[in-house]
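Novice: Keeping their order, the protein sequence lines are chains W and Y. Counting in this note's numbering, the first sequence runs from 1 upward without gaps. Counting in this note's numbering, the second sequence runs from 1 upward without gaps.
These aren't lab readings, by the way, just hints derived from the structure by calculation. Among the hints, a few may not be true.
[Unchecked claim] One side only, chain W facing chain Y, incomplete, derived with CB under 8 Å:
| no. | residue |
| --- | --- |
| 1 | 23 |
| 2 | 85 |
| 3 | 151 |
| 4 | 189 |
| 5 | 257 |
| 6 | 273 |
| 7 | 398 |
| 8 | 399 |
| 9 | 401 |
[Stated by the list, open to error] Some chain W residues near chain Y, calculated using beta-carbon distances under 10 Å:
| no. | residue |
| --- | --- |
| 10 | 74 |
| 11 | 117 |
| 12 | 277 |
Where is the CB? At the ideal position from N, CA and C, for every residue including glycine.
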Amino acid sequence: MNIPFKKAALLGGAILALGSCDDFLDVNQNPNDPTEVPSSFALPNAINRPAVVSGNTLNVLGNLWVGNWAQAGDYLFYLPEQQYNLTPLTYESVWTEMYAGSLPDLAYIERQARASGDKNTLAIARIMQAYDYQILVDAFGDVPFGESLQGTSNLTPNYEKAEVIYDNLITMLNEGLASIDVNATNPGTNDILFKGDMAKWRRFANTLKLRVYLRQAQARPTVAQQGIQAMATAGATFLGANENAAVNPGYLNTSGKQNPLYALFYNTAGAETSNRKATRANTLGLDYLKATNDTLRLKRIYSVVSGRNANSYRNYQGLYSGAPSSNPIYNSTRLSAPGASVVDAPTNNGFAKPVYLMLASESFFLQAEAAQRGWLTGASAQTQYENGIKESFRFLGFTDAQAQTYYAQTTAATTVADLTAPNGATFDPKAIAPNWTAAQDKIEAIITQKWIANNGFNGFEAWSEFRRTGFPKGNYISLNATQQQFPVRIPYPQNELSNNPNTPKGVTIFTPKIFWDVN
Amino acid sequence: MDVTLGADTKQLSEIVVTAVGIERQEKALAYSTDVISSRSLTQGRDTNPIAALQGKVAGVNIGKSSGGVNSSTRITLRGTRSFQGENQPLFVVDGIIIDNTSIQPSTGSTNQVDVGNRVGDINPDDIESITVLKGPSAAALYGSAGGNGAIIITTKTGRDAAAQGRKAAVTFNSSFTAETVLKLPDFQNEFGSGYDLETYVPFENTNYGPRFDGKPVQLGPPAIDGSVQTIPYSAVRDNVKNFFNTGTTFQNSVALQGGNEKANYYLSFSDATQKGIIPDDKFRRNTLKLTAGSQLTQKLSATTSISYNHNKTDVTFQGSGNGSVLNNVLNTSRQVDLENYKDFINNKFATLDGWFSGYYDNPYRSIADNRYVSNLDRVLGNATLNYAPLDWLSFTYRAGADISFDRRKERNAIRTYTSRRWPNDGSDYAGQAIDRPANNPGRLAETDIFISNITTDLLATVKRDVTPDINVTFIAGGNIFARTIQQTSQTANALSIPGYYNLANRVGEITPSDDVNRRRRVGIYGDLTLGFRNYLFLNATARNDWSSTLSPDARSYFYPSVGLSYVFTESIAPLKDNKILTYGKIRASYAKVGNDATAYQLINTFPAATGFPYGSLPSFTVSNLSRNPNLKPEQVKTYEAGLEFGLLNDRIGGEVTYYKTTSSDLITQISVPYSTGFTQAVLNVGKVENKGLESSLRFTPVRTSSGLRIDVGANFSFIDSKVLELFPNVSQLDLGSGDPVPSAIVGQPFPVLKGSAYLRDPQGRIVVDASGYPRKDPTLQILGRVNPKYIIGGNLTVAYKGVRLAAVVDARKGAVLWSGTRSTLAFTGSSLETASNGRESFVIPNTVVQNSDGSYSPNTKAVADGGFEYWYNRTHGVIQESNIIKADYLKLREVSLTYDLPKALLEKSPFGRASIGFSGRNLLLFVPSDNKFIDPEASLFGTNNSQGREYNNIPSTRSYGANLSVTF
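For reference, chain Y alone in the conformation it holds in the complex (with noise of 0.2 Å):
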């Protein structure tokens, strides 16, 4: 093999775009950042940039909700740092701080949707690069918001395009991929209908039943006609996986750039459709997108750029409801084939009347019952002015606004019963009344949701040489925030016509509700770099925010940050121009931020009590909130240290950093007593420590003067947190609530899940009753952390001449998710754990009973019933424990391959540059064998900071791909 080693020195001078849209020197950086570039995030084609990340950045945290259309993705930086709000770093594109809201339509488990988040309207092929500034100290300069950390997005404008000359390149961008269902839960095939081991009951939703013996039973009760179907007693084994469709994505791009050296520009159109995995889940966003950048005058040039999207969404629910669709799903028993249920109206056993189920609804129907379409229009803007009058003075005046209006419709059809009996056959129900459901008046409710979004800066940028020796760079500035979000919603809770989805179709009185929250922000700022021979720098920042949100005496807060970088390769003699130390650094930086409070947090209140008015009759309530006039600013302080290397012309390469932040008087609504009066009261709270170590590195193995390359990454972050202090006093705090809820424990990591528990004795076995059923501990336990404790990524790129195969790997490790999927399933017995035990009596391995006298002895006594008291009457239903999974996983995330075709080729034919490539996503996932249910990355309540819990959530989709990109 013909191994050169040629010196790639790209690296070392890149230029890295951080706060406040400040291009810097990377090796001027104190504190630790990542850049992906382009191709890194559409190489997997996921339509959100977010989840495109996975696996590729340290540090960095990124679970998606859920398998479903349009889905959200939350991200977290070096762990989660406050009691409120959802932790997730702001999001800045060219310059201004955009919404990454994702407002759930329901605070409960029923009827969840996953609405996706904002920052997933961005259309990928829009991106230059990403970069991503970790630590509150690569944020000092966005002030408060910044405190978890900052993601900054780049788009693509037309100055390339224009540096080449090129007055109008077109480029196209198709792709396709469909998606599968990754992991199913595990069924048993052995037990049908039924509840006593026994008796088979056609219209039972539970398999407690007895064994499958293929012979032919009555299912379900007689159709409206008094016809009855019978099926064979055996399993459908594949029930449920028949169940879901092949999703589909084709996102469509075109964008159209060029210009001169006066002026260039960048256009583009995206369109993604989506349909989702289950039936009629449809997403659709478009997206236009116009940069303009024009150099006015030798001194004055201006940038500006408009982008609008339209976001369709029209699926179902998820969730633990009736309307839930995986609800339906898994309550259908298992000798149910239930795609021959698909016509809900022509098929008289598919109907609300023939459907087997005497309790629960069939999912194709509940499909098209239960549905919630979203509407989003959003326009993001911004203007650009840069002014140097001196080629060592500019100032830059930027005006940006992100307004987003989603208009929502959630409905839930009719549904009316026929109240029937059964004949009078001989059977057990003869001349019973036939099961069903309660019949539902329907529901239809209308959402509006107002987001502006206005950011204006303006700063002063001096740059000079004060000595060959001594560089100075001096930023000040000043910047102005402002956020309306305004929700009015409308509900019939009962509909007369059905069918029929308007608020005048209605029984009884609507129930509105009419919220407008705002908030304003300034902050100047100013930040002093100082180099000395190009490898020493230092840097330090210092800004002053005020806040709406706080009280005239407590709204101003000042905020420092400071951080040293030197590059000693070029510092110190013996090691220039080194063949095998090419390039060294070492950083270390402190920061603090300062954090306000949410808007209306001052004053109490009396809202309007719960069901009044009852027509004319009003009444209103002492808020339930406590709220604070006293709030002062949250604190997070960050130290950071990490020491950055390229070996062997960098062939090698790689960095560490070791960071601890501390946060303080954390501005919480912490659930007090209800016997104060409130259940919840506004405070300055509690201290959280963050702690972590986050490494990558990068190793180019084979680079070949033929054009062979490979390049092999990795990246390992370690994520510690602990709650060292609440309140006086209080040494829990939920987040939610439920059994489990995630918590916050003085003590523990940061947050953990607490929940009802096995009662055990000392040595960890199970204490059982006389009975031998288990003990529930009569005080709730910690399940286990909400976070990873480990987060590994793992990549390889093989590049030979055109064909580029990447492959990206990442792991998380030390979380548990509570699985509302393995307690409904042990509800239904179609689990596989419920027939681990043939159904019969048993002794619970490894249990102990107690002795009068406080001893534990071996337990020998068998539970009675091994069905359906045992699954869940005893554990599954009662003690959460039991639902508990390892949340670790190992997923091969993405592979693609594509293929540039070579220029000869393309010489004679109208475009430029030509690829085609595959993708595939989540190709692989590998969990402990304790999961048997899902993958660990659901989360039932979307991005916020209530994590680590599903309930019957959509499933996550591998996606397999192919795309095309041109440019003429």
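So that you can see chain W by itself, here it is in the shape it has in the complex (with noise of 0.2 Å):
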């Protein structure tokens, strides 16, 4: 202790000079994240934000809601969705994930692009902002559109009426396609899409905005019908055989970055989890898989129970959405889970697959209702819709001639007997048949198809076409809902409804509908 007093005194000087001594305080820039990055590092995220909502959150919405899948028994964990009794919190992600995930990053990129003249980036950037906006409208109807995604300078952005931001979603697939130049500098490896194939993000782009005209098909079928006619005068091509939209940024087996829905139903040590557990196979699905003898495709999209012969259907058994729990029967060691095809085991690197946006056999089923409608020449509506048919036993591992012996069946072969959907729905034993020509209902038949063919790959947009069609027919209130009505959107998330005074009042899961689904 023997600190002469006038050193002491220049310390003390040198705080009051210090006062007005900026370097002193200049140490507030940020060491932990970079303030500028360049727009192709934001790509690989902006795309992998909607494959977790795709692949993930909706898919599992979608798949219970349409009979393909339901909760088993003695688990709890769809008890909002089978009791139709979702909160403003439970699917809030979806609007997370988009708004503030994908949208903003995809948002940056435009701008930059623009900025550059890099005209694929930019075209990417506008293709997945329309496949964004779309799965938003279909969620929830009317959102924020031109308001949206500017920060502090309008925090309360404006909801805007749904067919307005369809007619956009147009917009943005049409410059999205002008500005795809296959032969200008692509972003390879950092489009976790298509790894920079732009004559691939074209056809997804056409195949898109074939989805968004007939989702109108029967609220607005003239704006349907010009749309599609304008791309056959215009000769757009459709994503083909084997062009599925499979996103895969490298999914590995660590955690945070498997496959989302692998990281779902197995943990890193590649254990079944207990949502897995929770996760059975619907009656209405597997039923109907048996009673078309689509047995192939049936032991893909489920699993066996576990311990049994994987051979026989027969030991493929489901539940119907909010069966009784007290009833041992539906214990989950006593049903079957989504199959190898929707999620594959731990042993065959499930967690490294891709998450499809949309599967190529969709492509196929578009093309047969626009043909079908009239609105779309070049292949008939039976050859399109038996295409789809084969894409999807191709996609599942089968060959097209397995396909073509499904497709002949023009009679229900085989009888199931609980087939009975529940809660007052029927099965259209017509619409059992796959053969086209049997087919009374045409559209029914593409939309069956379609729904088969996305069972567990992509259960929202599954969903989307049972409320625009009623197709599956089979499709029942579950048993456990709180009230006798199907569900025809999710509601405004909690974080919207807080913070956002336009957000439209009195929305529940059962009103209003979307303005395409006029069913």
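Take the two lone chains, each set in its own frame, and fit them into one complex as the hints suggest.
Specialist: What follows is the structure, encoded as structure tokens:
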């Protein structure tokens, strides 16, 4: 303790002098995160966020609500879904992943690409924006669009009419299509969807456009018809055989880096999670396959009851949504889980499998419907319908010949004892037969086949098409539903209700319907 | 009784250590302060000095987060003012700002640890006194950081011993306390494992099975060797209670002090060893402290102090996750005698494969498998030089540092279950797979947290009598504060070799994180006190701060305070030397305090995107937080007025203070609509008003010449707050996430819990659906306030010769708590309430149905299932209002009895002083009848702003102990 006083005074003087010394205070540069990055670094995440939504969150919900999956009696995972009791929090993550995940990155990429004249990156940004917004509209109806993504300069974005946004989807897709230049530089491996294959992006954009138009086939037939006819005139091409829109950033068997649906079903040790044990086959989806002798696809879409012989289709069992939990026959261990094609086993590196934003089979079924409505020329509706089935078989590892045998059936050949949908829903026996000629309602046949092809992969699209068309007819109201009505939408998220006074009031999962849902 | 009214004016001339270590006369203070002596602090032998303030100070809200070892204690003064941060006061030890963070390992409700707060590092035996400066006026001189008030801790020095001419006085303190669980939920003892109310399910964790009948049943699946355990089907009433150990705390400290007129010193060493009520929970704290002072020359003196801490915490997890011990305990069915399954290695029915439950782990195994270990080293030092060139002028220079380094290791064991089938025994399960929880890949997280706080002060003090009537004290000073927090962590989310915890032993990639946070602040200030004839005092302060966290244009901000105090009993002639009104003072003050932002809130960033990099593919994403280059400082304005009085020669005394604080331009990370492209934005928003009344009364009914003295004290505080505005168009702001969530809602107290609620008709009756089950309100509702409206404390001291008995009670009223324990127990069907209807179908009382015309009529429909469906699926699992309990309580907080051995007895011994004592804490707890679950003091999220929720917290404890103190 021998500090001379003069030195102390000097230190003290220094303190006072520092008040005006900005250098001492300039320590507010963030050392933890960059404040600027090239847009190419943002692209992988911009595509990866919607993959989580389509491959996991909404895929699960859709599969539960179109009779593909149901909750095992002895588990509690999907109570709100089965009771139709979603809160504003249940599916908030969909909103978050899009508005605060993918879309701001896409907006940033779009700005940077415009400034630098990077045409293909701009195209990708516009196409993905359309993909994201269609999901938002199909889930929530009216959503913020023109005033969205402006940060603190507009903290209360206005909600725009769903049909106006749908018109803008076409604008975005058109701009994206126009910006594609297969000879210009492309983002290569940062494009985790098509690896920079801009021709595929063009076909994906066209197929998406077809999906957007057909969704409006009942609500705004003129818009749909004219739009599709214009595409036909322009010679639009669509996703073809094996051209699935598959996202894979390089999924790994590390926590947080697995295929998102796999991560729900298995942990990094390869052990089955409780969530998988809770997620079991729905009798509707299962029995439909059984009733149509579709045992090949059945064994890929669903897994055999644990410990049973996988060859016999009888060893695949499901339950109805909301079946009484007290009955031990509905225990998880007695039922089938989603199959190996949906989420492959850890031993087959299931964690590394891609997420499908859209299957190629859907492309054919969309073309079939457009042709059936007379809006698309070229291949006949039947051809495209059968192409769709063949594509679905191929995707699940089967041959065209096996598909042909399947869709040659004109009547339901197998009698499944409990093939009666509960809760007032009925199967249309004619729709059970996959044969085109035998099908009375061709649209029903197309949508029903699309439902099968999407089973496990794109549940949300299947649910949207069910809402639009009412197919598959056998879909039923969950047995423990709180209200005897089908849900028609997802409630607005809590965050938006709390913080944005423009959020429409009085919205429940039963009302209002999305504009294209006039069924 | 021989009662004499002897004058005891000690109270009146008390010196209070206030901001920046400045000692002031209490009567000159224009604001409310409380001083707690060492004796009062240590009488209950709590290891945390803040917990020891409970019930002793008005206007102060103190809560222990859990009953774990070294549990954290949150303190707020006069309510919570700001939407961000912890709202806890500033902690100052011997003039140096110290760190009081409590960095929890997780932000979610799973796998939480109550890590303690850093003020708990201080050995209570080293503390001379604690001064509580409640309002911002008191702390105006600390600047921004003192906006929430300040707790000024003064530690012991060798000065007293030196003054007594002692060269080496040794004080030895030793205490032992035993802790037991204070409150457990009320359990039902009628039903066991099952879910359909009829079938006994041997591996089921929920208790919705058939009624107990005492007959032998098989428990769980067969062991690996095929053998089966059979137990009587009847409730084990105390299976949860017996799980908890009796915790123990040993505290030993030795202090050596002394000196001469030139120099003095104080040296202490302490050791606190705790064993928790959860088996294997351990905590050990060692402190070493040296304080030395010296009069170097007649005009120059120096004091220096350095203390070192080593804390080791070794505990398991609480919360809602699978690794949470309480979750596993509460999911043990009522017919299972938990204590029999301690040996999870040799007892084949206690192993992973043999344990009865198909879904939850043996809690004893869970304790061994899930550990949190922290090794914390901390050095706290300061040096002060005082130079007084003239008798009215002095300069003080002080520099201090508080540096801590915490090495944490969180581990979860690999758990692999054998895939097996039930034997073909003709049972319901024959041939089926045996249910087990999912295999756990193991996990190891290593986190290093480095925290450094450096403070320097230089001040000049002028003290002069300008005229015989007017006295001036002027202080001018400057202060620099610099803080760095660096956290790095590496996590392996899967391990390969069981039982070996090193990052090298991982499967897959390491998840790293790296975060540095630096901030600096410079302030200059002036403080002028004018005293007139020793009864009228005017105090004015002014301060300007420059902060690193605001933009260069906004980083400078100024704030003043002014106060007046008037001791009317010394000014008005008839009142002077009045025997009835001995002392009377009125005071009023106004203060404004500015507050800066946290670091790095100005410029937007691009953090690494979720999941990325995937291998060699990186991606960065637009941050979810919209930062703000235009932030300006927050403003806190406080008005307060008070009255202090002493009656009958100060036999009765008390004070009343009214205050009103308005905080505005609060720098807040508000939740913004996600449709803006962000989830949060940093803005200057909102206005919160806190007002309240604090009063305290002390009374000495008995004071006899024979030495009997009885003191009674009471304090009462009323705290109200209201959110006046948030942001245009925004009326709600969530603090954290979940259902329910603490929120700021315009027009409501701050904060309130908001969550899912029963749908109710205009008369408040619950609306049920066509099946007779309650309907959920589609909008989230306010479920109650988080902070109590009334805080009451009372104490009694009886002293007779060497015997002193002290008791403290405290009570809180007006707040609610969301009890995750209640929800868990409804899920497991083990709480008493779930058996209240005998599991029969019943009509929920006082419910209505909505008619098609919108009107309501009384409900007559009975719910079909009075078991799991009603108690969990339709209520406690989905409508969080049903898990809300009143957080009111009355506690007998402390009782202590000490006996100082008479001097005569000690004369021939080597001891200067010796005393023995017995103490107890939390001896009695009274709660409203709806709380059959937990001590409502609990909080899952430790000491941060997100209060009002508990989720399978470690229950709080009652403690009893004995202590011995001797001086050589």
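Novice: Against the structure shown, which of the earlier numbered hints fail to hold, in ascending order?
Specialist: 1, 7, 8, 9, 11
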